[in-house]
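Peer 1: Protein chains in written order, with this note's numbering: chain V, 6 to 120; chain W, 2 to 116.
Where hints are given, some of them may not hold.
Sample of chain W residues facing chain V (criterion: CB under 10 Å; computed from the structure) [claimed, not checked]:
1) 4
2) 5
3) 21
4) 22
5) 38
6) 44
7) 45
8) 48
9) 49
10) 51
11) 93
12) 96
13) 98
14) 105
15) 109
16) 110
Distance ranges between label pairs, derived from CB positions [claimed, not checked]:
17) W:84 with V:35: 13 to 23 Å
18) V:60 with W:16: 45 to 55 Å
19) W:41 with V:25: 19 to 29 Å
Bear in mind the hints are in silico, worked out from the structure with no lab data behind them. Note that the Cβ used here is the ideal one computed from N, Cα and C, for glycine as well.
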Amino acid sequence: AQSVTQLDSQVPVFEEAPVELRCNYSSSVSVYLFWYVQYPNQGLQLLLKYLSGSTLVKGINGFEAEFNKSQTSFHLRKPSVHISDTAEYFCAVSDLQTGRRALTFGSGTRLQVQP
Amino acid sequence: GAGVSQSPSNKVTEKGKDVELRCDPISGHTALYWYRQSLGQGLEFLIYFQGNSAPDKSGLPSDRFSAERTGGSVSTLTIQRTQQEDSAVYLCASSRTSGNVETQYFGPGTRLLVL
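Start from the sequences, fold in the hints, and give me the full structure.
Peer 2: In C-alpha cells:
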C-alpha cells in the first residue's frame with residue numbers, strides 16, 4: 006500500500022521569505038500526486054496536481070511543486086509567502102497500479118507565516 | 002454551481018447514540034468519497050461510491066460505520082453506537098471521473114464530538 010511522508014509537522018517562516026514543504030511517497034511505478042491546503046475550519050482545497058508530463062507543476066496562489074521520480078518526492082515551494090498562506094498543507098497520492106481511487110494523505114504540515 | 006455541502010457542520014452526541022451525516026456532492030459528479038480527519042490518525046479514507054458500482058468500503062473502521070448513496074447523488078454516513086474515539090471531522094469529497102484522472106473537491110466537513 007502507498008504511504009506518504011511529510012517530514013515537517015510545522016514550518017515557521019517570515020513573510021516574503023521562500024518556503025519548501027517536503028513530501029515523499031513510497032515507491033510505485035505510476036502515481037498521481039496532489040497538494041491540498043486547509044485553512045482553519047474549512048475543507049481541503051486543491052493547490053496543484055501532478056498527473057504526467059512536465060515534472061514542474063504550477064498551482065494556485067503562486068505555489069509550485071516538482072515531481073522527482075528517482076527520489077520519490079513531490080516538494081511544494083513558494084518563492085515569497087504571505088500571511089494569508091498560513092494554513093495546513095497536505096500531500097496526497099493516488100495509486101494507479103492498484104486502481105484504488107481514494108487518496109492516501111500525509112500527516113500534514115502546518116505553515117505559520119510570521120510578520 | 003455550488004461546491005460540496007455537508008450537514009450538520011457540527012454535531013455533539015452522547016456515547017452510544019447513532020448519528021447521521023449528510024453530503025451533497027457537486028452536481029454531475031459521479032464519484033463520492035468519505036474521509037475522516039482526527040488528531041491521532043490524520044486524514045483517513047472511509048468509503049467510496051462510483052456510479053452504480055458496489056462501493057469500496059475498505060476504509061470503514063468497524064461495522065458500526067455504514068454509508069448510503071441514494072439516486073447517485075446525496076450520501077449519508079451513519080455511525081451507530083458512537084464511541085468517544087469516533088470524534089473527528091468527517092469530510093466528503095466528490096469528483097467527475099475523466100478516464101483515470103480524478104480531482105476530488107472537498108466539502109467543509111462535519112465536526113463530530115462524542116461525549
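Peer 1: Now look at each hint and say whether the structure bears it out.
Peer 2: Cross-check of the supplied hints:
no.: 1; hint: 4; verdict: holds (8 Å)
no.: 2; hint: 5; verdict: holds (7 Å)
no.: 3; hint: 21; verdict: violated (19 Å)
no.: 4; hint: 22; verdict: violated (14 Å)
no.: 5; hint: 38; verdict: holds (9 Å)
no.: 6; hint: 44; verdict: holds (4 Å)
no.: 7; hint: 45; verdict: holds (8 Å)
no.: 8; hint: 48; verdict: holds (9 Å)
no.: 9; hint: 49; verdict: holds (5 Å)
no.: 10; hint: 51; verdict: holds (7 Å)
no.: 11; hint: 93; verdict: holds (9 Å)
no.: 12; hint: 96; verdict: holds (8 Å)
no.: 13; hint: 98; verdict: holds (8 Å)
no.: 14; hint: 105; verdict: holds (6 Å)
no.: 15; hint: 109; verdict: holds (5 Å)
no.: 16; hint: 110; verdict: holds (6 Å)
no.: 17; hint: W:84 with V:35: 13 to 23 Å; verdict: violated (38 Å)
no.: 18; hint: V:60 with W:16: 45 to 55 Å; verdict: holds (49 Å)
no.: 19; hint: W:41 with V:25: 19 to 29 Å; verdict: holds (27 Å)
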